[in-house]
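Protein chains in written order, with our numbering: chain A, 208 to 543; chain B, 399 to 794; chain C, 116 to 368; chain D, 818 to 1047; chain E, 27 to 319.
In short, the hints are calculated from the structure, not lab data. We put the beta carbon where it would ideally sit given N, CA and C, even for glycine. Incorrect hints may have been included.
To be verified - Computed beta-carbon distance windows for the label pairs:
| no. | chain 1 | residue 1 | chain 2 | residue 2 | range |
| --- | --- | --- | --- | --- | --- |
| 1 | D | Pro922 | E | Thr189 | 21 to 31 Å |
| 2 | A | Pro326 | C | Gly187 | 48 to 58 Å |
| 3 | C | Gly187 | A | Ala539 | 50 to 60 Å |
| 4 | E | Ala104 | A | Ala540 | 36 to 46 Å |
| 5 | E | Tyr140 | B | Glu735 | 52 to 62 Å |
| 6 | A | Ala539 | D | Ser838 | 15 to 25 Å |
| 7 | C | Ala260 | E | Thr187 | 43 to 53 Å |
| 8 | E | Thr187 | C | Arg233 | 52 to 62 Å |
| 9 | A | Arg541 | E | Thr187 | 52 to 62 Å |
| 10 | C | Arg233 | A | Pro326 | 48 to 58 Å |
| 11 | C | Arg233 | A | Leu245 | 19 to 29 Å |
| 12 | E | Arg307 | A | Arg431 | 15 to 25 Å |
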Amino acid sequence: MTSTVETPADASRPAPSGLVAVAHAPGWVRYALLAVGLVVAAWLPNGLYPAVAVDILCWALFAVAVDLLLGFTGLMSFGHAAFWGTSAYVTGLVAIHAGLPFPLAVLAGALAAAVLAVPIGYLAVKRTGIYFAMVTLAFAQMVYYVANEWRSVTQGENGLQGVPRELFGVDLTDDYYFYYAILPIVLLGLAAAWRIVHSPFGRVLVGIRDNPARARALGYPVHRYKLTAFVLSGFIAGLGGGLFAVGHRFVSLDVLHWTTSGKAVIVVVLGGIGTLWGGVLGAGIVVRLEDWLSFSGFEAIGLVTGGIFVLVVVLFRRGVWGSAAALAHRLAARRR
Amino acid sequence: GGGGPQSGGDQKLTGDKIVLGVLNDQSGAYSELSGKNSVTAVEMAIADFTAKYGDKAVTKDISVETADHQNKPDVANSKAQEMYDRKGVDLILDVPTSSAALKVADVAKEKKKLYFNIGAATTDLTGKSCNRYTFHYAYDTYMLANGTGKTTTEQIGKNWYILYPNYAFGQDMEKSFSTAITAAGGKVVGKDGAPFPNTSGDFSTFLLKAPGLNPKPDVLGTMQAGAELVNVVKQYNEFKLRDKGVGLAVGLMFLTDIHSLTPAALAGTTYTDAWYWNFDAKNREFADRFQQKAGTRPTFAHAANYSAALQYLEAVQAAGTDDADAVVKGLEGKTVEDVFLRNGKIRAEDHRVVHDAYLAQVKPQSEVTEPWDYVKVLKTIPAAEAFRAPSADCKL
Amino acid sequence: MAGQALLSARGLTRDFRGFRAVDQVDLDVAPDSVHALVGPNGAGKTTLFNLLTGFLAPSGGRIELAGRDVTGLPPEQVARLGVARSFQITSLFPQLSAREHVALALQSPSGLGWRFWRSAKLMGRYTERADELLAMVGLLDLANAPSAALAYGRKRALELAIALALDPKVLLLDEPTAGMGLEDVDRTVELISRVREGRTVVMVEHNMSVVGRLADTVTVLQAGKVLVEGPYEQVRADERVITAYLGAADAAH
Amino acid sequence: MLRIENLSAFYGEAQVLRDVSLEVSAGEVVTLVGRNGAGKSTLLRCVMGLHPGQRGTVELDGRDITRLPAHRRARLGLGWVPDDRGSYATLTVTENLTLPPTVGPDPWSLERVYEAFPALHTRRDSAATMLSGGEQQMLALARVLRMGARLLLCDEPTEGLSPLLVQQVGDLLREAKRHGVTVLLVEQNLHFATGVADRHYLLAEGRVAEAMDNSEVRSRERELLAYLGI
Amino acid sequence: MSGFAQNTFNGLVSGAFYALLALGLAVIFGMLRVVNFAHGAFYMLGAFGAYVLLTEAGVPFWAALLIMPVGLGLLGMALERAVIHRLTRLDPLYNFLLTFGLTLILQDLVKLRYGVQSSPYATPSLLSGSVNFGLFDFPTYRVFILGFAVLLCVAVWWVLTRTRIGMVVRASTERPDLTRAFGIDVGRWVTPVFGFGIGLAGLAGVLAAPMRAVNPLMGADLIIVVFAVVVIGGLGSIFGSVAAGFGIGLVQAWGEAYLSHFPIVSQTIVFVVMAGVLLWRPAGLFGREEAPA
Ligand SMILES: Nc1ncnc2c1ncn2[C@@H]1O[C@H](COP(=O)(O)OP(=O)(O)OP(=O)(O)O)[C@@H](O)[C@H]1O
Ligand SMILES: Nc1ncnc2c1ncn2[C@@H]1O[C@H](COP(=O)(O)OP(=O)(O)OP(=O)(O)O)[C@@H](O)[C@H]1O
Ligand SMILES: [Mg+2]
Ligand SMILES: [Mg+2]
């Protein structure tokens, strides 16, 4: 019998469960998917406008960073723009003032993001679930205000213009070549995320997500693990943000705005929480969609993204990747 | 990848056509000020150009591309590149929001394609961020501040209290205002930077301070823009500062803002406008034509887009080619007269397009006789005075 | 007395917004003994467990483990010091297999869990030991099943295996036989009597026959206070215990 | 009045009730005995409609109420004294008492409640969870009496009460019975049980192991106590 | 001295908006465990609704003050029935995400129809004067807002603590199952409570219309500050939310007045306070501890 017991006390439940599709696909399927993914990545700027392809790469990193927390640690950060944006600014400043080759500047940016993630994470991981989301959102807004006020450094509203794309004198002004220059960094970032998820550390995170009390009883310092995950995620988001800054050759306050955090979450949920690669897919879809919409003459982009988002949350909580994986699973099961 | 083939001087037109790109905000804060109606204005310019030259026109194939940059510089960046590279755009127009405007200037420089900025106010476009392919067309912070500050001091009151949003634009405006006021013999008795963005939406702390200053300011100069301006003005009226003898001058105000706030809330307020639709018969004639197409009266941005598109086409016609360098050469130093540009001149030094500006005052509600006719022009500021001298920062 | 006790509490108190769940409890758990905590529902047994394991901070009193003050330490540190616990309500990681559970527990003291740059395959080094433990609780054939798919009694067994994997000095078991059928209860009793060798066990148990078979000492809690403490036979005959807990006071005349 | 047929209940995969069938006639007091964890409380929750994982049928006055939500069942005259006493921390004692609507023909007035339980009167403005365990138990019982419920589902109402209060609760139940109220009582205390009840069910491992009357319980007391693990 | 009094008064007026919004959030969260991201959007709809009623139907402020909260409350109830309800059994994050998506939709719908330019809304003539407080004058409208908000918060607090309605709501919140077992249809209370919370947001919006710029984005940034406010006050706590709302309004106003050389202070002070509160009392000033993790 189905009874109508509502359980608001469910606030204690750690992760959006039932979503984590980590389908155990057979090895050859995974290798085939990987190969397809690499081929698509290699071809992308030929099929899409290269600048859009560059954006997709950056957002893919951002989404994967958010999913690392949301899907694999059970923490929904609604303030990840703080890391993406901080890295963008630091990358830009380093590139402008130190004239370093861009990969080093991006690295500096990502490190700065990771450093910022320490105090914010320290405070935020004291809360879980919805509180965590609100607290990260609020702190990110604070970072936004600081960047806005710190005009002497960030150039305020005008944005940090003229971030160089320096790479030992190689001309990378063309986005087409720039795409290929950053592809290895992005793949490295994605591989790092994958490695983290599939490391002993990642196992502990999943344990913490599913049952923090149990993990503590096993001797795992849950707060410190969460904080470490938060910092790692901040670093990867920072990689994306730094590349974004170099990609656009400037940084504006938008990179720190809460709508940017929101967009990252949209990308992840659309792609599929806890799927990692879903975030990459989500980034492709959202960036491409927005690109298309801004030329379409349709005035309400939020209506479309918001609408899609609501649909996903209400009807396809597994997201694109998760739903596809589930479908493939069912088909495979039926054939057997 | 890369851009289309660069045309040499011998080739007339790339692809035998001209494509004008309107890149602006079609959904955000500036969408009514310029937005899609700027496209309409540009289409009018094309029609007028075609009608004028008929078969003698360099080409009959002139089209418009448009995109919404959502006031986001990163979107503006991608869209601008895409317009130049993929959509064959020869000239990008409009681009409000300073950060986006500056970004597109970079793109134009790199792609060596033309860019007429209309919507943005930052003087950096003709200062440290100027470049050979970028022209700043309609207005800038100096023009706004100088016009309003100087003329209001001369005509309305000498003592000022300045309230500005504490970010790049606001700080620039405050500085320019203070300079202009002092130069005109006025005095800034107090100034405050309000938090920006001001989430609480409350400016009462500052507004309450104004009447108590010594000497009491005659004018409150507010540099807030858009929704913040609306908040300031609402609260200015709430605290009845006008009744307490403190007049209002606004740094940056558009016709659409007056419409939002209603003339009743703003009666007596002074500000500088780059163009006003009901200034004279010529403007009015354009405004009537525009209204037929767009269903509303044009803002200065619409008129400026029209003018910019037209002047570009004229320049191409004159040069016989759409090669950017050739067109730039033709434009530099040119004096122009059209519905928007009065006593207009395209300065070669910094690519500032100078023209007459207007100190406007909002009419009392009782004198508003037709929709959108909200202001009277107190003074025409001659082109020579309206804009700053070419900046040393600009190296084209 | 406190000197010899492995785990001891003095004046341990815990308030929940005005409600005193554990009230001035003194407890001494002798090394190598099985110490049972019994008492009515709500007497404070689980709360006492939570205090002893650091899941709750005491409002007052102090806790010593082998002479060391562990009052207020967070649970993970208490666990590191050799105190393992099971939960009254089964508490597992639904997505992990039984073997992964045990491996996770085995890994805990090693610091391998911090290696986010290494492959999870490294955890393979624990497989052998994990399988031993699983065999011990009779779960070896189910080693690869995700814990969500285990039957309730099996989950309780897995709880035990995890706790053992920490190789604890003190094992705290909250109702280890709750929800088990009779055979399972017997098996669990037998298992506990095997693993108690060289360990100290504290358990909460409502099943008095289990208590009788295992416990050296029984502490009866009531309303947060220690009512009676002593050997099983003595405690079960105690009038106060019969009144407060066993509940057959009038019948016992 | 109450008929339960083939009731099974689960917590996740753990089955705690297995095909339980029993009946309580109007005006009867029936106890359920069984060890800790036998499933007694779960049974009451099933009757109340609060247990999500259940199979079987529950009938009240011949009407199948298996699919009715809990609040509709309460309106039919079911009153539940939960095993955890069900005190609201955010409500005062008086509010705890007046929260449920009256559902039967013979509700107690607030005055009558306070007369019967003077302790509650003195604490009437305290938050309910601030009361002592015994007082909370009184409150829980008083609450269903005030509802005027026709069928009381009492889960260990004497737990934590002093002997004096236990006697008083016995008196109350007997009085309620005289007024035609039916009671299904979960009780560990056999002595108490035989003092108020007409019949008994022994629940073991989720099954009804035996049905007994008072004399049978008294004669087998030692054996039963041993069985109950006491 | 009078300057201080004025600044304090203004702080309380800004705080009144925070308090009203936080109150609605707290009521909804307390009952449904839903953090309503769309709260700011409903605030905006309240203000916009007042504008539309006035310009398109000639409905005055006073009528709007009644119509908008009721109308939005009904909309909220429909929303609760249609979607929110389905997600309450899942992780609360889903409803947070849902209402986030909803915010984007609502903002854009208004934008599509009315554009982004702020819409005019005049102070009702009855309240357009000013009141003299001896030391200083004050716009009647502000006095009205403060009085109205305080009254409303007290009334809501009174209803939730002193009446049968409040009793049922509190009981349903604390222990829904138990409450059901006492013959109370918890589900039937949940929907109106959600509607009520939304109605409060709408009311705050109508009150804001004469004072603040009325545009589709007016609630967007505000809601984040309000989130910080409820984290400070303790998310479930009605009293805490209201107190923190007024408190933050005050602190911001003082910061603006006396630290005007550091504009960063008044913008970030709410977040700094939040960080402090998180360190000192993670559950918020008046919040309850969560169960041990
Ligand atoms: N987090 C908490 N907040 C408030 N009260 C609590 C909390 N945890 C426990 N209590 C109360 O403390 C008392 C003791 O609870 P505890 O769980 O320790 O009992 P127990 O002896 O383990 O009972 P059982 O045999 O049912 O497991 C109970 O009255 C309970 O309601
Ligand atoms: N929430 C729950 N989740 C899992 N198992 C549970 C839960 N509640 C009870 N159980 C188990 O269900 C079985 C029956 O519980 P129930 O509370 O019905 O027993 P009872 O006969 O009332 O026992 P007691 O005499 O202790 O009150 C017990 O084994 C218990 O451990
Ligand atoms: Mg317990
Ligand atoms: Mg029970």
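The hints, checked one at a time:
no. : hint                            : verdict
1   : Pro922/D - Thr189/E: 21 to 31 Å : holds, 27 Å
2   : Pro326/A - Gly187/C: 48 to 58 Å : violated, 24 Å
3   : Gly187/C - Ala539/A: 50 to 60 Å : holds, 52 Å
4   : Ala104/E - Ala540/A: 36 to 46 Å : holds, 39 Å
5   : Tyr140/E - Glu735/B: 52 to 62 Å : violated, 38 Å
6   : Ala539/A - Ser838/D: 15 to 25 Å : violated, 44 Å
7   : Ala260/C - Thr187/E: 43 to 53 Å : holds, 51 Å
8   : Thr187/E - Arg233/C: 52 to 62 Å : holds, 56 Å
9   : Arg541/A - Thr187/E: 52 to 62 Å : holds, 58 Å
10  : Arg233/C - Pro326/A: 48 to 58 Å : violated, 28 Å
11  : Arg233/C - Leu245/A: 19 to 29 Å : holds, 24 Å
12  : Arg307/E - Arg431/A: 15 to 25 Å : holds, 21 Å
Going down the numbered hints, you'll see the structure goes against 2, 5, 6, 10, while the others check out.
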